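Chains A and B supply the protein sequences, listed in that same order.
Per the working numbering, residue 1 is the first one in the first sequence, and the count goes up by one each step.
Per the working numbering, residue 1001 is the first one in the second sequence, and the count goes up by one each step.
Honestly, the hints are just simulated from the structure, not real lab data.
Every value quoted in this text rests on a predicted model; they were computed, and no experiment measured them.
Quick reminder that beta carbons are idealized off the backbone N, C-alpha and C, glycines included.
Hints are supplied without guarantee of correctness; some may be wrong.
[What the hints assert, rightly or not] DSS-like, lysine-lysine: derived pairs with alpha carbons at most 30 Å apart: (1) B:1350 with B:1261; (2) A:238 with A:40; (3) A:284 with A:376; (4) A:181 with A:238; (5) A:110 with A:181; (6) B:1321 with B:1350; (7) A:181 with B:1261; (8) B:1321 with A:284; (9) A:23 with A:263; (10) B:1321 with A:260; (11) A:255 with A:310; (12) A:393 with B:1261; (13) A:23 with A:40; (14) B:1261 with A:238; (15) A:238 with A:393; (16) A:393 with B:1350; (17) A:376 with A:255; (18) A:255 with B:1321; (19) A:260 with A:23; (20) A:40 with A:220; (21) B:1261 with A:310; (22) A:376 with B:1321; (23) A:284 with A:255; (24) A:263 with A:284; (25) A:31 with A:255; (26) A:393 with A:40; (27) A:40 with A:376; (28) B:1321 with A:393; (29) A:376 with A:263; (30) A:220 with A:232; (31) B:1350 with A:284; (32) A:376 with A:181; (33) B:1321 with A:263; (34) A:220 with A:110.
[Stated by the list, open to error] Across the chosen pairs, the derived CB separations fall in these ranges: (35) A:361 with B:1374: 22 to 28 Å; (36) B:1131 with A:25: 52 to 58 Å; (37) A:224 with B:1006: 51 to 57 Å; (38) B:1060 with A:68: 41 to 47 Å; (39) A:229 with B:1303: 51 to 57 Å; (40) A:148 with B:1269: 51 to 57 Å.
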Amino acid sequence: MQLEFTPEELAFRDQVRAFIADKYPAQVRAKQDAGIELAKDDYLLWHRIVAKQGWSVPGWPVEYGGTGWSATERHIWAEELQRADTAPIIAFSTNLVGPVIYTFGTPEQKARFLPRIVAGDDWWCQGYSEPGAGSDLASLQTRAAREGDHYIVNGQKTWTTLAQHADWGFFLVRTDPSARKQAGISFLLIDMQSPGVTVRPIITLDGAHEVNEVWLEDVKVPVENRVYEENKGWTCAKMLLAHERSGIALVAHSKVALGKLRKLAATVGPPGRRLADDPIFRRKLTEIEVELTALEYTELRFLAAENAGKAPGVEVSMLKIRGTEIHQRMNELALEALGSHASLRVSRATAHELGADAVAVPGAIGVADTYFNMRKLSIFGGSNEIQRNILAKAVLGL
Amino acid sequence: MDFNFTAEQQMLRDTVARYFADHYDFGQRQAMVRSAAGWRPGVWRGLAADIGVLGAPFSEALGGLGGGAIENLVVMEEIGRALVIEPYLDTVVLGGALLRRWNTPRAHELIGQVIAGEARFAFAQLEPGSAYDLADVGTVAAASGGEWRISGLKDAVRGAPFATHLIVTARTDGGRHDRDGVSAFLVTCGAAGVSLREYPTVDGSRAADIRFEGAVGEPIGEAGRGFALLEAAVDEGVAALCAEAVGVMRRLLSDTVEYTKQRRQFDAPIAANQALQHRMVDMYIAVEQAVSMTYMATLKLDRPAQERIRAVAAAKVQVGKALRFVGQGAIQLHGGMGMTNELAISHYFKRATMLESQLGSVDHHAARIEQCDAAN
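Model the full structure from these sequences, guided by the hints.
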């Protein structure tokens, strides 16, 4: 056993860190600092810079644009991106639909879609959840009826993240209504500009427009846009569950959040009686830091196992559960630190219009909204309750 | 970065596990706990002579197996798993750490006795009115005629009835909470001026309250200037206790999972209930976090003091909380059976409970982390 990264891995980390520091677009950073919501072009600008470096899809096979990095190198990359608080590379494109296409797609589909994902030319959204199909995804009702060379798709998807930016969507649809559950589902790629596709915003409790409803009314989808066999779409969906988990524990994100929290606690309260000096609040920080350390080393254990050729299975659900719980605790503590000072109803989208110095406690902008928004962490990507079901069954054999 | 055990370490684990499987099943343990002696010298001799494990963390030059902290971790985890009361922690880990760092011919002689199973230590640190702060020492060491004479009262000295020597923290000078003036002294059991009041502990071991009245003590290192040495050795002990805790908790979890699969109510195994499943998943997660922290702390024992303290203290905080969560969950999910003295589970729970505070509670170690924060 040994804790350290190798000198080569440390050199890699320095290289990655220098690349991000050097190349991250200043105008995007300025928007983030001012609390301005990022536009589609902001995300893609960064994506294209990363793509130019050849790093936009590190986990992919090299032949499709992957980097050939080890699990540790992919981990370091994911951590450094979180540490630098960069605009995320759109995971729906690079981590979700891309791997499905290179695993199950036809040569034509691979040639048509993969290079554009790598380059950041297309933005993909995920059409999975429906009003009646959340955790129980396989109960989805969106119908795709075959008519010659096309499917005619009708139905409603929901919680579709950033669909307002999407060029393409990957959808799970029911192609055999008589089959039971998973058996009659197909995986379709749908051009979001197709007639009959309507994207309607869902405004979340923090006032943000992050998710959408997507309505599909007689949308014509060429059969060539179906990935894998008809009625075998569930196989594609399942494959995604096992793919790319780098960064799932949000360790670097939470470290950044903890650093901000400590700074905040050092400014709240009168001089000499700062919150940071309060033994009760300090203990809360100590406890969450300890839990974060435990999660960090748990993630590193999984990583070491993967490097030794023993890729962890569903145990990584633990990283999702603890990672989201810990991150949410950080948001909670920031809110606790500010209390009523954080009650200002200024959405992140408009906070910059007030100007930072127009607010009595500048650090208070967005703290409550972030707390509200981050409640999603334990809900999306398979709720933490579903993750516990998975662990109960697969790890404990219950 | 690597969290795998070497083939030798795996072999050590197998050897120790097999030895305990053969000599230390739950029935044998309970018979021993109830016996007059309260322990089995034969087991200790076997650990020394049959499998040579008492030399695990010592160099081959000193007659050991050439291992270190990871070997202690391996042995302690198996000790936890089998609920072993023999004093490996105080003798080999904590005592061994002091002797290795002392590193004199006398220390090497004592290490030889430890490896041979002839020397067994108990750590006399707590005093009535003191807690886990190693500098909080009222027991006095006074120089007299070329010797150090120890006087004071120590309580809850775990394993003292089985020990050949006591490792006593005492003060040569300074105020009650000063680090300067504190060091560890070795006192021979049965020496003049040492009187033990022995009693059983709730977790199956024996302990004693000990009165020292001018007992001769041999300073480990420089008398009165041994705080740093003591703190480093105790940190090795804390990391090893975390490993014991991991062994205890793995057993608490696996017994609980098995029990809920067997136990039927309402015509189904109680494990079919989601409320129980999720509780067991949370216990599993707690165990895995404890494992991670135990590895981390063990691998940081040789780092500079501040880094070591942070790592070890953080591990004990995490492990201490896990012990309570996993222990209470195990009893709860065993229902009434968990309340009986008959099943092993309740004995693992009792050990888990006492491990929470041994060598420092969650609150104590959280405060150590905060002291590191304040020092920066």
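Checked hints:
no.	hint	verdict
1	B:1350 with B:1261	holds, 23 Å
2	A:238 with A:40	holds, 29 Å
3	A:284 with A:376	holds, 23 Å
4	A:181 with A:238	holds, 14 Å
5	A:110 with A:181	holds, 28 Å
6	B:1321 with B:1350	holds, 15 Å
7	A:181 with B:1261	holds, 29 Å
8	B:1321 with A:284	holds, 14 Å
9	A:23 with A:263	holds, 27 Å
10	B:1321 with A:260	holds, 26 Å
11	A:255 with A:310	holds, 28 Å
12	A:393 with B:1261	holds, 12 Å
13	A:23 with A:40	holds, 18 Å
14	B:1261 with A:238	holds, 28 Å
15	A:238 with A:393	holds, 16 Å
16	A:393 with B:1350	holds, 29 Å
17	A:376 with A:255	holds, 19 Å
18	A:255 with B:1321	holds, 22 Å
19	A:260 with A:23	holds, 24 Å
20	A:40 with A:220	holds, 26 Å
21	B:1261 with A:310	holds, 28 Å
22	A:376 with B:1321	holds, 27 Å
23	A:284 with A:255	holds, 15 Å
24	A:263 with A:284	holds, 15 Å
25	A:31 with A:255	holds, 22 Å
26	A:393 with A:40	violated, 40 Å
27	A:40 with A:376	holds, 21 Å
28	B:1321 with A:393	holds, 25 Å
29	A:376 with A:263	holds, 25 Å
30	A:220 with A:232	holds, 20 Å
31	B:1350 with A:284	holds, 28 Å
32	A:376 with A:181	holds, 27 Å
33	B:1321 with A:263	holds, 27 Å
34	A:220 with A:110	holds, 21 Å
35	A:361 with B:1374: 22 to 28 Å	holds, 26 Å
36	B:1131 with A:25: 52 to 58 Å	holds, 55 Å
37	A:224 with B:1006: 51 to 57 Å	holds, 54 Å
38	B:1060 with A:68: 41 to 47 Å	holds, 42 Å
39	A:229 with B:1303: 51 to 57 Å	holds, 56 Å
40	A:148 with B:1269: 51 to 57 Å	holds, 53 Å
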